[in-house]
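A.B. asks: Line by line, the protein sequences give chains L and D.
Here the working numbering is used: the first residue of the first sequence is 2, the next is one more, and so on.
Here the working numbering is used: the first residue of the second sequence is 86, the next is one more, and so on.
No lab work stands behind these hints: they were computed from the structure.
No experiment lies behind these values; they were computed from the predicted model shown.
The C-beta atom is built at its ideal place from N, Cα and C for all residues, glycine as well.
All clues given are correct.
Estimated spans, in silico, between C-beta atoms of each pair:
#1 L:Glu67 with D:Ser102: 16 to 26 Å
#2 L:Val45 with D:Ser102: 37 to 47 Å
#3 D:His209 with L:Gln122: 46 to 56 Å
#4 L:Val45 with D:Arg178: 50 to 60 Å
Calculated lysine to any residue pairs in the SDA-like style (CA-CA distance at most 25 Å, straight line):
#5 D:Lys139 with L:Thr184
#6 L:Lys154 with D:Gly121
#7 L:Lys198 with D:Asp165
#8 L:Lys154 with D:Gln119
#9 D:Lys139 with L:Val179
#10 L:Lys72 with D:His103
#11 D:Lys139 with L:His64
Which chain D residues stay away from chain L? Per the calculated CB distances, all over 10 Å, these:
#12 Gly151
#13 Ala177
#14 Thr374
#15 Arg484
#16 Arg613
This is what each chain is made of:
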Amino acid sequence: MLVRTLKRLADRYKHRDSAHQHLFEPYRGHEVISIDCEMTGLDVKQDEIISLAAVRIEGHQIHSGEAFEAKVDHRDRLGADSIVIHHIRKMDLEDAVPMETALMALIEFIGNRPILGYNLQFDLKFLDRYTQPLLGLSLPNRTIELADVYRQKVVSRQPDAVPHLGFEAILEDLDLPVFGRHTALGDATTVAMAYVKLMQRS
Amino acid sequence: MVSEVLNTSIPPFDLLSHEQIETLQQSVSIAYFQAGQDIIAAGGNPEGLYIIIKGKVEEYDESISGTRDDQRVAQYSEGDLFGSLAVLKGRARDKYQAFEECICHLVPARVFIDLVHDNPEFRHFFHKGLATMEKQRLRLTVPQGADDFSLVRIRDSVLRDPLIVAPSTSIADVVLAMRDAHIDCALVECESCDENYGLVTGTDLLDALALDGLARETPVETITTRELITVNASEFLFNALILMTRKHIKRVVVMDHGEVVGVSELTDILSYLTGQTHLAGVQIEKAKTVAELADASRALHALIRTLNAKGVKIRFMMELLAALNGRLVAKLYEISMPSEVLENTALTVLGSEGRWEQIVKTDQDNALIIADDFVWPDDVRIPLLNQFTEDLISIGFPRCPGNIMVSNPEWAQTISAWKATMTAWTQDMSEASQMNMAISLDGHFVAGNKALYQGLSHWAHDHMRGNDIFLAHFAQPVLSFGVPLTLFGNVKSDSQGLDIKKAGIFPLVHGVRSLALKYRIRQTNTYRRIEELVAAGAIHERLGRNLESALSLFMQLRLQTQIEQLEAAGTDDGSQVTHNRIDVTGLNRLDRDLLREALHVIKEFKEWLALELHIRG
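Input sequences plus hints: build the corresponding full structure.
C.D. replies: Spelled out as structure tokens, the structure:
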């Protein structure tokens, strides 16, 4: 986290006059953006993001209808071979856009609002790998980790509890319906739902 | 797993265009509510239309004085829509509260209003009327491409070209012509007949040759039946079938604009309807023994399943099954009783059988009217009637738990004795007497001497005339069970389901029966009573239509449950159908909507009836 904070300060200085300056403005509203990325694998250095989704949370409401969702086509950067290397199927590329387009749209969607995710740092590491060369920044937004929120809520209720922080375990404990699992939008929506429930509980 | 997008393949969203669906999907959000949280406040301006993904919501009318339970007007569960009326009116009359943790899709008010404004069909859906919703339901339940059998007309289905012969044709030539035409009857030209034709059937020809010893050269006019039983070509197939069953005939002559256009054979109709050549009606008529009748009776269960699966309208099914069951009972009586008994008695079926509203045979209710001057010694009568009741049980009419059967001397009386009994019932006003009266008023003649039945029936209706005090008492039980507008109740305690008989069927049937009595309507079938009440101006047309729709829905849901129960028990024995409970949670959303609406109809009907008949709850 400290590293991220330092990075943010450095990026902010660097972008003080750029088009992305607004991303560094402190956010004063109450909305949160739940994001999720699907990758070809778990290796931050080798694997690729194949889809991105983000959904806006406003109080008890999740604006799923106007959600952001993009499939990424890497052929422009990596060549057509990436399809073989990363086992990206043809169908995954229908309606897909280049990474730069997807990233710019995602950043536009998020603005300076806080971002929420499960195991968010992992997704952010992937995103950094693209944002740094393309834009010269890491996403500067405040981050909210669902597992942290969950742990705090559980501990505040039962101080001795050692909560299971696995995604499935959290969902099961919260007894929530699971939205389209293993799609970026489905997972982003599920995480949003869990967050809304946890925040309303207190 | 649920979807983050709204399922637009289900009504009413399937009425929207592609662009409208796109607009809708982009505006939908997902909302979370804790148990007890207000989703729409009474008097508030709702955010939009809600569609429940998970959880239950209750609607309260806080203008009703009384407890929370009194104020609760509806309950909604997964897949249900609520808030539409509040959005369209711009203000919520009732309060909507999350009964348990709730997750809903939310269509913003402005988007919903635009869709309602732009799409007339979509708008129509939200102008909730039971009849409209029923159409929606039909759209769903009748499989695509399948005919709605209850709407098939004779002209389009089973019309055969008639074989027409001159009156002077010899019997032998008619037989040959019939064989060539593969038809079992011929129309005989006949100027003096009403329809310009008479009819001769294969059986007539056989009887003439084999039994009456007529010569092969005899002109056919000597054995022609001059009075034809006709139907119009535009008549529903089902009505022709019911007519044939009631008159136990095997064919009808089909007319169009006063001209004979053909004949329809029972076998053709049954094959057309069931897609199988097993002929329930024919089997009953052919039966000579109790065992054969039992076979015919069992075959009816297959017929019920087929008709139900084909989406045949419940009202037609009830009439058809009533006609077939009526013939079963009549046939058994005819083969069991000596001719002097048939001439001096009238067998009557009562209750739901008499109203033609029993599909699965769940019990037998019957009574016997005996001529006053008929000498029928106990030692002859008692064993004969006991045997008849036992035989009815063995052919599939379960024993009546209330012992309303001819084997019970209280239900097998002479005309004078019946008059004394009924007079006592109307004066006594005990609950049992009133129910006996109610059951008897639904009586329908099935076998024996019809004049005996008609005489007593006339007397009974005259006797009741103007007896308002009795009427008020008689109708009282309509109010005795509350209408469970909260379909799901407390889910745990109501796991047995909704008692559809207490909640809906009984108040409706008995209320209509009471009105029929007041307005001297002699029909026994509830639909026909309603039609005549509307015609007499006793009830408003809209209420009449709603009552008919509600009754059909209750009957349909009950039949579904009964069929499932029988299948689970692996039997066709109707006595195994042990309850009238409907698993509400197992219904699809549209059926739940309909049920909710139908129960509201019952509630309004009860309130109206209480004023109309001066009864208090």
